[in-house]
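Top line first, the protein sequences correspond to chains A, B, C and D. Using the working numbering, you'd call the opening residue of the first sequence number 98 and step up by one each time. Using the working numbering, you'd call the opening residue of the second sequence number 98 and step up by one each time. Using the working numbering, you'd call the opening residue of the third sequence number 926 and step up by one each time. Using the working numbering, you'd call the opening residue of the fourth sequence number 926 and step up by one each time.
Note that these hints are calculated values from the structure, not bench results. Hints may be right or wrong, so weigh each one.
With a cut-off of at most 20 Å between alpha-carbon atoms, the simulated PhoX-like pairs for lysine-lysine come out as follows [unchecked claim]:
hint, chain 1, residue 1, chain 2, residue 2
1, D, Lys-1253, C, Lys-1183
2, A, Lys-373, D, Lys-1256
3, B, Lys-232, B, Lys-104
4, A, Lys-606, A, Lys-632
5, B, Lys-294, B, Lys-281
6, D, Lys-1183, C, Lys-1164
7, D, Lys-1178, C, Lys-1183
8, D, Lys-1272, A, Lys-324
Since the structure is predicted, the reported quantities are computational estimates derived from the model, not experimental observations.
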Amino acid sequence: MAKEIKKLESVTVRFAGDSGDGMQLTGARFGDTTALSGKDIATLPDYPSEIRAPAGTTSGVSGFQLNFSSQAIDSPGDQVDVLVAMNPAAVKVNIKDLKKNAIIIVNQDAFDVKNLKLAGYEKNPLEDDSLSAFKVIPVPVTTLTKNALEDSGLSPKEIVRCKNFFALGLMFWLYSESLIPTIKWLEEKFEKQPEIKEANIKVLKAGYNFGDNTRLFTERYKIEPAKLEPGVYRNVSGNEATALGCVTASLLSNTPLFLGSYPITPASEILQYLSKYKNYGVITFQAEDEIAGITSAIGAAFGGSLAVTTTSGPGLALKTEAIGLAVMTELPLVIIDVQRGGPSTGLPTKTEDSDLLQAVYGRNGEAPVVVLCASSPKDCFYMTIEAFRIAVKYMTPVILLTDGYIANGSEPFKIPNVDDLPKIEVKFLEEGREFYPYMRNANLARPWVKPGTPGLEHRIGGLEKSHIFGNVSYDSENHDFMCKLRAEKVASVQKDIPDLEVLYEQEGKLLVLGWGGTYGAIYHAVEKARKVGMKVSQAHLNFINPFPSNLGNVLSKFKKILIPEVNLGQLARIIRSEYLIKPIQFNKVRGLPLKSFEIQSKILEILSEENNDNQK
Amino acid sequence: MAKEIKKLESVTVRFAGDSGDGMQLTGARFGDTTALSGKDIATLPDYPSEIRAPAGTTSGVSGFQLNFSSQAIDSPGDQVDVLVAMNPAAVKVNIKDLKKNAIIIVNQDAFDVKNLKLAGYEKNPLEDDSLSAFKVIPVPVTTLTKNALEDSGLSPKEIVRCKNFFALGLMFWLYSESLIPTIKWLEEKFEKQPEIKEANIKVLKAGYNFGDNTRLFTERYKIEPAKLEPGVYRNVSGNEATALGCVTASLLSNTPLFLGSYPITPASEILQYLSKYKNYGVITFQAEDEIAGITSAIGAAFGGSLAVTTTSGPGLALKTEAIGLAVMTELPLVIIDVQRGGPSTGLPTKTEDSDLLQAVYGRNGEAPVVVLCASSPKDCFYMTIEAFRIAVKYMTPVILLTDGYIANGSEPFKIPNVDDLPKIEVKFLEEGREFYPYMRNANLARPWVKPGTPGLEHRIGGLEKSHIFGNVSYDSENHDFMCKLRAEKVASVQKDIPDLEVLYEQEGKLLVLGWGGTYGAIYHAVEKARKVGMKVSQAHLNFINPFPSNLGNVLSKFKKILIPEVNLGQLARIIRSEYLIKPIQFNKVRGLPLKSFEIQSKILEILSEENNDNQK
Amino acid sequence: MTTKSEIKQKEIKQLTYQDFVPENEVKWCPGCGDYSILAQVQRVLPELGIEKEKFVCVSGIGCSSRFPYYMNTYGFHGIHGRAAAIATGLKVSRPELSIWVATGDGDMMSIGGNHFIHACRKNIDLNILLFNNRIYGLTKGQYSPTSRKGMVTKTSPYGVVDHPFKPIALAIGSGATFVARTIDREPKHMQEMIKKAGAHKGLSFVEIYQNCVIFNDGEFNHLTDKNTRDDNLLVLEHKKPMLFGKEKDKGIKLVDFKPIVIDLNKKENSIDDVLIHDETDEIPMRAMMLACMAEDSNLPTPIGVFRRVYKSTYDGDVHLQLQEVNKKYGKGDLQKLLTSGNTWEIK
Amino acid sequence: MTTKSEIKQKEIKQLTYQDFVPENEVKWCPGCGDYSILAQVQRVLPELGIEKEKFVCVSGIGCSSRFPYYMNTYGFHGIHGRAAAIATGLKVSRPELSIWVATGDGDMMSIGGNHFIHACRKNIDLNILLFNNRIYGLTKGQYSPTSRKGMVTKTSPYGVVDHPFKPIALAIGSGATFVARTIDREPKHMQEMIKKAGAHKGLSFVEIYQNCVIFNDGEFNHLTDKNTRDDNLLVLEHKKPMLFGKEKDKGIKLVDFKPIVIDLNKKENSIDDVLIHDETDEIPMRAMMLACMAEDSNLPTPIGVFRRVYKSTYDGDVHLQLQEVNKKYGKGDLQKLLTSGNTWEIK
Ligand SMILES: Cc1ncc(C[n+]2csc(CCOP(=O)(O)OP(=O)(O)O)c2C)c(N)n1
Ligand SMILES: Cc1ncc(C[n+]2csc(CCOP(=O)(O)OP(=O)(O)O)c2C)c(N)n1
Ligand code: SF4
Ligand code: SF4
Ligand SMILES: [Mg+2]
Ligand SMILES: [Mg+2]
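Using the sequences provided together with the hints, build the complete structure.
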């Protein structure tokens, strides 16, 4: 039964089910397919911190949201157009995020007494009118899967495990996407388990065909490919892009990479990816703890490696003392912090941008470091390279902040041509008659010397060093001088970073200023606000310490500055102290990215106040 | 030969010699005696980080400075009136700090070829005119000591070791102080070594008599007792006062004290003092590292002890993660940071005030804590008690900052009557039908329950907690609410702290604002500036987070604000971000307290600019 | 042996299993070995003769470290690696509490290693249960310091190159006074070990082999599978010869400080050649030998008590010293303390 | 035994003691045992047949940790407790370097304990010299984890209540492959130990009893004083009986896993009763026994090599794995890596 195909610009889909239902995988497959067929996409996985939280309960719900569009997009969307819910708990948890009139495709079979009770429903929501604001499409997914696999020879348990592919097939049908990439993927993945492979393919197709045959759907949809820049693309998550950035920096600098790290959610994946790249000259050292992670990296930096350590908030806290050592010894070191919900262990699997003040200020003594941040999954690639470039050029530790949202989320990444990327210059001092370990070049950087170089034996460490000579020095004036010199060196990185760009008008009533992972949400909010005629500009920071040199100037051009953050106002605080202006804050610390409609309302609120004020 | 006795108001004396010459002891004895005879005093020890740095060299010089006065004083003085130098290196190192016409009493015997060379003198400064700006009084201290002890039966080595008491005796003569307290001290100290005791007493007297008999001195001096408040006094160093403050808080709250700590200069003494107070119900736990120091204290706080951990900068860095745990579990905990020169190991035996930003901002996530500081040795006593009071009242970690200068320095301390000190109320919840671990009282504090209490079993930890119930909660809105609630709780401590007092005019052209250990230097600078007719006021902060509620108002009353700090402007940064004003900074990071004459010049400079501006 | 706590038991309300089951839902994966450990602890604690409110469970971070939430006692879920240090502060300040530390091979052997060895050294009277699944469970499958060489995990795609810890050897080397091992699938044995740990005055360390069904399933199959169990498991008994095998017909013999397996069915071997176990050796030579026996050495894996010796506890000694000082100097008088040293009066 | 480095030696400029003496002034207290350690290291390193620029000294914080400043080699003075971790990163990334870690009983046994046991476990090819003066020197005299029970120090005015570590036992329990002990006042013996440590492939741990003249003077007098030395010191020799005493007339005999001292002058005792030392026992029973022998047990204190066994090194295995992966997959092509996974082209 051929159905009408409606063209849409953009859709936000969320797959949700039990932790064991394979929702992350389903979402990722859907995302890859839509990306492969040329849409721009952005994804947002969201899962509980337990490995398998109790089946059927709301605390066990795992979700994967994805936005795909024929337009360039930068966020997985605030509100959901289509929810695929594999059980009652998934409906319960996600209902609050649905658009009015959203489609809910539910696995009807899962709405039995037990599951309803586990989800905390007193009545079956499919049977009362509690979901009347939505288009609910009940599909007996489990039954249909079982039917499809009757003769497969698989065990009942194995059969039921295939049901996510039924849902996936159905969604592919609904959005007119091809099954081929998924079939190929299944063929590779289950090469050695042919029955599983065949079963999943069969169920996938069954789901697709079900869409075609059922009367439950009256229309299907199509999203045109996005008009992205020409080039070869792939999908990357932020963590993957960060890992690739590390390898790329190593190649561009012709210096072997050393990663010292201790696993921690949501940063572990960077270590996992890099552990695979052993034939790229990468050494990964899974240390006994975060302190050994960073200090081993400092040892490797002393030895001439491109050294990096990766972690998340609590781990950054533990590395604090050692970062000071890197400051004093002036060794290049990149510290990557994938921020998560705090304080303390906090919300370990949820996103948050609340380590900014720690990164900028959190060390004993006057211990300045460069602080950068990435604003989207693919941006992680470029900012990682930038972090290494600055670290080796200025012989300084650099902290790069990403967050759980961009680390786990993914988007299309235009694959650069490696030869086009600018080289990172690394020059080890190899001889010198008058060698002084704390002599400085024009960047105020001291020389990098590899142990093993004859004649340049020297000793460094965490005690204050005399200018030029690098001997231990307790001299008062030298210490004052060196503290100021280190501060100056870090500040001078400003000359080497790009000016902050302002989108839309370069001056006016309102600028929305952001940093890091809020880019997409802000971008959409501003775009939508402009569509309804509001004059509002946007600027987004990738460099926090030092700030771009034109930032003060940019800020002075706008009457009001709005800073939305997933914290209680950490950038706002730094901006206040640097520029003595009082930005308007928008702070939501919910373990989730900001929602663009909320930012949009805030913009509206500010601009209408502004107008009122002017009329007074 | 009786000499004229001249009355002075105030004198700054510095004893300097080799690390092995006993200068710290000599200085401390001199200080105790002058304090005992009723002067106000302030002391500043300064020694190398090596235990016995190479004898005779400048790096081995150990110094002890002390200011005693018939007026109330709060700083050991910038510039030295009298230097007692036991060897050439001591002259070399200290010459830059002497007033014009200062007296230098040197141990002539030590000015031999070897020592001159070790000190880096090409010629004997006693024999050329390089010291002509000073009154140099060469005394053959070693010879005279040897003469005095000819028949003592001590070994030559032991005899020479007594020579500091000769110098001390001579100084007592010069300043008309009594020998009796020192003789009593020697009698106690060497009770079991009668020969040593006798020898030292003999040499002490020999020094005194030498003064009387020699023609080297034409006058001697006398400082009248200071007009201190009536009461019983003793001398205390900041670390001693901190330790006493801990014991006192324990008594006032009727709650046993638990200190978990790891030794680190300059904080170790607090642990050392408290280790002695075992009959005051104090448990000290020397942990394997700083992390165990604080986490053991958290365990003890959970168990119902008044818990404290003590450290210095690098140790505070290591405690960062665990402070977050105390924030999340909302347990009372006092963290005392005796700041020292950083970054990294930095200048471990020198003072600095550069952990402020770390204390206020240095944690992952939104992890607000209360931050206090002490401004003088005796103030450590009161601020320690205050830290505990706030910690238990609000169920929150409190960081108390002191620094190497006030920790090692000493001043007269009017001993309070214990019964007059306000009690600290501690109430453990002992029963409750409807018990919820995260229920709050009017102070937003949750209940403190001791394990062992029947029926109140509950579980807390570092994951986000649901409001009231205290269960683990990944709920978005709850997290946002709790982050804001924790911030509000800490901010609300403001209602409970005293208003900031302004000395002198309550409004005007210039306010000098300080915090912590700079109090004395600023006080003197302002006082002197006022004496020459400058209108300048002073205010000094003991509460940094939150600030006193009137601070904004105070700042708004002055045209200019000067903030002198022993860092690169950390308080200034916080003030800028809180009040959007731009204070004038005065920053010297020299491992030393600020010099009041430098602050005074800065005041002068600002006020004359100000006048010029006004005239334009 | 009637322990002090057994005597005391009679005076106290008899607790049951149910007293230790809280309302909270248990959130481990279905099939996880942690469930068995929880159940055995809940079964044994009521028998220790200690008031319920005196129990405290302390942990770090990891799947295993969720344990305190599942016990209806006082509980503290700490930060990663710090369980032993938190528990130390609690025990030293409140020696009357019975403290149970639940921890994982990542939490206690990796990041928490320092606190572990120092707690062992000081002989702090804690009961440490190590849930050893040889993997990081909560962070989804990276190798741990107890993972076998060659294991393929998320962070060792080409196989682990580290040599693993032998946690029992580490505990012995650190000076631990009670060291035992058991397995999640041996509930009775585990109960016995937990009971003995609870009865021991001083630090008790129990390594529990625990199956992680998700990230390291089957790690201990050779020890739990009916067909292989008896040939691979040496169940230690105090003062008894070290025998194993279905028919108890294999034994451990020591030849020039090297343990070998002998077959007692063979004529040349006799039961007298078989090494006798002794938990109470002052110098832990035998215990060290047992600690080093493992799958990879063709020797059976011992379970049971490796070492149980008496040494004074740190917490006990601290309080003893407090008493002595109090006795010698009298209870401190704060006013006197403040007024000590040289004082002077200004009128 | 001709080690590889001894063969190589001939090709390299013969270094001397003087090559390792820098201009910097040595700033330890006069009489400190550290001077002797420095001198022996400066004497031995030239004989190892390694180019001077390949030596790196790494340390933490403490008097002992000033060591790198006094060696004219590459040096890194780290932060307190982290020497082993810093050295690990350096060694793993630069396996051709010869790394010497100088550390103290506070630095390595207290705050640095975790890095120590993990370096031992992984068998990282480092040479660790522990300057054990049983006190915190640099911070002026607090007790350390090796201080004896009862010692009065600044932080134990009523005596230490902790049981001390036995660093050798800890190293063995952690899996260390070379473990030795020597004394500051035994220069020849120390040189021998340092030489053997340098020759050992894998982690070498040498505990050096070092006298702190200022804060713990005389701690080892019974081992260094002419009159008592021979009765208190058991000098271990590989494959030789454990004899001591001025006349080598006392020996160690093992009775039911308990070492006792026997007098060979007595008829009932024979040299055949005396235990033979073997550094190379696979299972460290003998080494553990020796590690537990000490002053307080009426047994002599052993010095010498306790354990020397071969196990692959972590740094070696890491590079082996790198080679294997390279061989199997070819040298990585970054462009290919970036382009891996599902890609699509937009024209
Ligand atoms: C400071 C810090 N570092 C790292 C982590 C991440 N983390 C949480 S649990 C864990 C390992 C858990 O392994 P294990 O202790 O063996 O417990 P299991 O889950 O296997 O029971 C890690 C690395 C953390 N929460 N905090
Ligand atoms: C993080 C940190 N904690 C504490 C200290 C203080 N500290 C410096 S050295 C030292 C102990 C030194 O003892 P040890 O390692 O035995 O060396 P020794 O001086 O006895 O040779 C301590 C506690 C520090 N510098 N850094
Ligand atoms: S991941 Fe493994 S250890 Fe964790 S709960 Fe699941 S089965 Fe248990
Ligand atoms: S304090 Fe002790 S260890 Fe340190 S240098 Fe002096 S004698 Fe040596
Ligand atoms: Mg585990
Ligand atoms: Mg020491």
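Right, here's what the structure says about each hint:
For the proposed pair Lys-1253 (chain D) and Lys-1183 (chain C), the alpha carbon gap of about 39 Å is over 20 Å, so the pair is violated. Straight-line distance between C-alpha atoms of Lys-373 (chain A) and Lys-1256 (chain D) comes to about 13 Å, which keeps the hinted pair within the 20 Å bound. The suggested pairing of Lys-232 (chain B) with Lys-104 (chain B) holds, with an alpha-carbon distance near 19 Å, which does not exceed 20 Å. A C-alpha spacing of about 7 Å is found between Lys-606 (chain A) and Lys-632 (chain A), which places the hinted pair at or below 20 Å, so the restraint holds.
With a C-alpha separation of about 10 Å, the suggested pairing of Lys-294 (chain B) with Lys-281 (chain B) holds against the 20 Å cut-off. Simply put, Lys-1183 (chain D) and Lys-1164 (chain C) have alpha-carbon atoms about 16 Å apart, close enough for the 20 Å limit, and the pair holds. Note on Lys-1178 (chain D) and Lys-1183 (chain C): the hinted pairing holds, with a Cα-Cα distance of about 18 Å set against a maximum of 20 Å. Restraint check: the Cα-Cα separation between Lys-1272 (chain D) and Lys-324 (chain A) comes to about 10 Å, which is no more than 20 Å; the hinted pair holds.
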